[in-house]
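A.B. asks: Residue strings, one per chain:
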Amino acid sequence: MTIRQLSVFLENKTGYLNEVLAVLARYNINIIALTVADTSDYGILRAIVSDPEKALEVLRAEHFSVRIHDILSLEMAPEPGTMSHILDLFTAADICIEYVYAFSFGSKSILILRTDNLTKSIEVIKANHLKSIHEAELK
Amino acid sequence: MSRAEMRALQSERLKKLVDHVYVNVKFYRKRMDDMGVKPSDIQSIDDIVKLPFTYKTDLRDNYPFDLFAVPMKNIVRVHASSGTTGKPTTVGYTKNDIENWREVVARCLTMAGISQSDIMQISYGYGLFTGGLGVHYGAETVGCSVIPISGGNTRRQLQLMSDFGSTVLACTPSYALHLADALNENGYSLADMKLKVGVFGAEPWTENMRLELEKKWGIHAHDIYGLSEIMGPGVANDCVHHTGLHVHEDHFFPEIVHPDTKEPLADGNEGELVFTTLTKEGIPLLRYNTRDLSTLNHETCACGRTSVRMKKITGRSDDMLIIRGVNLFPSQIEHVLLELGETSAHYMLYVDRDNNLDTLELKVELDETQLTDTIRDLQNLSRKISHALNSAIGLSVKVTLVEPKTIARSEGKAVRVVDNRKK
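Residue numbers (our numbering), protein chains in the order written: chain Y, 5 to 143; chain D, 12 to 434.
Extracted from the complex, chain Y is given alone in its bound form:
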């Protein structure tokens, strides 16, 4: 139901994002999905990678601020309206979406979701038989 996501603190400096990516490249860590949340002063890079533990270790060694969090992941049927339907279910349960991003992996459409209430979200997923994605499926 959840997969591990890397969060890396990014200072607002030219070339900073690529410094992070270069470290991942050097250690042969593949980026499966990536998104950046930004403010005027700094950002947070969020990424799903092939080996989160190793990524954490090597980024820390290079003095980046990095942590791993568990995050909800769902597989979406490849047809119009799927994502809207999923979000309707969360709204009906009075769950607030903090952020969301989506990507394709092979033939799969995957939705990454962060809500204000993890326990309640899992109940919604189970009750509605939503299909979750496991890390092993992203290798």
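By construction, these hints were calculated from the structure, which means they are not laboratory data.
Some clues are possibly wrong.
[Said to hold, decoys possible] Below 16 angstroms or equal to it, Euclidean Cα-Cα: the simulated EDC-like pairs (lysine to aspartate or glutamate) are:
hint: 1; chain 1: D; residue 1: K322; chain 2: D; residue 2: E414
hint: 2; chain 1: D; residue 1: K416; chain 2: Y; residue 2: E15
hint: 3; chain 1: D; residue 1: K374; chain 2: Y; residue 2: E66
hint: 4; chain 1: D; residue 1: K416; chain 2: Y; residue 2: E66
hint: 5; chain 1: D; residue 1: K227; chain 2: D; residue 2: E266
hint: 6; chain 1: D; residue 1: K323; chain 2: D; residue 2: E281
hint: 7; chain 1: D; residue 1: K374; chain 2: Y; residue 2: E23
hint: 8; chain 1: D; residue 1: K395; chain 2: D; residue 2: D378
hint: 9; chain 1: Y; residue 1: K17; chain 2: D; residue 2: E414
hint: 10; chain 1: D; residue 1: K207; chain 2: D; residue 2: E225
hint: 11; chain 1: D; residue 1: K409; chain 2: Y; residue 2: D45
Given chain Y, put chain D in place with the hints provided.
C.D. replies: Only chain D this time, still in chain Y's reference frame:
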């Protein structure tokens, strides 16, 4: 008054003062006993060098009232300034102290050419800060029509200045510059104003800034010096010749001492400015070291006054900053960060002047355990730090989180402040 007459008056007042503090202030009695100095050793003003110094830390250690030399029933007013560990520095005034304060401020204002025909807009903060009330009483003594508008609210300041026809403005020099620059955008021009004189102080400012203010406002700008520990505004002020500030030395005896050896220095040598409050009753201080850097000049001024002049303050011998008239030690910032314990204590404070108002930005290293996957958590952290700083130091601070280990570590004394305000 001739120099000999002044010295006789100062000697007489110093003897009385030392007797007073030796009997009534435990702190001074102990200091003097430790040094082996008795009140009878003080026979003239020259003997002042035998007396102990007083530092800001002594005021803090005796918080709130232990340095007061009279019972609280004789104290009619208390003022306070921000302190380094959250505790403010407190001072108390007797009825006589308030009368003397009025008197010295009135002298300053008269020296600046202000009279009872003037309308004086006092834009120093009123309250625990000595600026507003200190100037207020002196202005009433002179007989000015006083407008106690206090600080802030630029638009209203300009409106009343125009509507009431204020002829004198009293505030910090940086706020005076800010007001001048705000004229146009608020729909005013110099022609709408009747301002003639500015009485500016509570922060160090240069001669260049004084000339700029005179030009921008078309006024005579005067520097009024003071600090709450000694009295508040009114310790010294410059006359129309602007060749140093005349010290009211019958009340506040000045000395210049070497910053390291604390040996007294002769006229013309720069060092730390030290004051002894010759007439104060509430919280009399012996040789209070202001840590302000200046020089003294005992020559008679072109205006005819014989009182000693101190040079405009050029800097400080410690790391205290003056931000919009508020005293700030970098250690206060550190204290707040350590108390919160949610970031590292590695920080850098950037002081700048934006539109003539001092601004503070704090860059502080993020603690990795506070990093989450949402921006909101980081923003809440910045806001929390900003609130804590604001309530501890009374200044608004922009907080920026930076990567761990990106703030330079120094081997010796840490550099915590970058002051970009124009010199």
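A.B. asks: Compare the structure with each hint and give your call.
C.D. replies: Cross-check of the supplied hints:
1. D:K322 with D:E414: Given that 16 angstroms is the threshold and the Cα spacing comes to 44 angstroms, the pair is violated.
2. D:K416 with Y:E15: holds (12 angstroms)
3. D:K374 with Y:E66: violated (21 angstroms)
4. D:K416 with Y:E66: holds (11 angstroms)
5. D:K227 with D:E266: violated (35 angstroms)
6. D:K323 with D:E281: Between K323 of chain D and E281 of chain D the Cα gap is close to 11 angstroms, so the pair holds against 16 angstroms.
7. D:K374 with Y:E23: Between K374 of chain D and E23 of chain Y the Cα gap is close to 21 angstroms, so the pair fails against 16 angstroms, i.e. violated.
8. D:K395 with D:D378: holds (14 angstroms)
9. Y:K17 with D:E414: The hint holds at about 11 angstroms.
10. D:K207 with D:E225: Between K207 of chain D and E225 of chain D the Cα gap is close to 9 angstroms, so the pair holds against 16 angstroms.
11. D:K409 with Y:D45: holds (11 angstroms)
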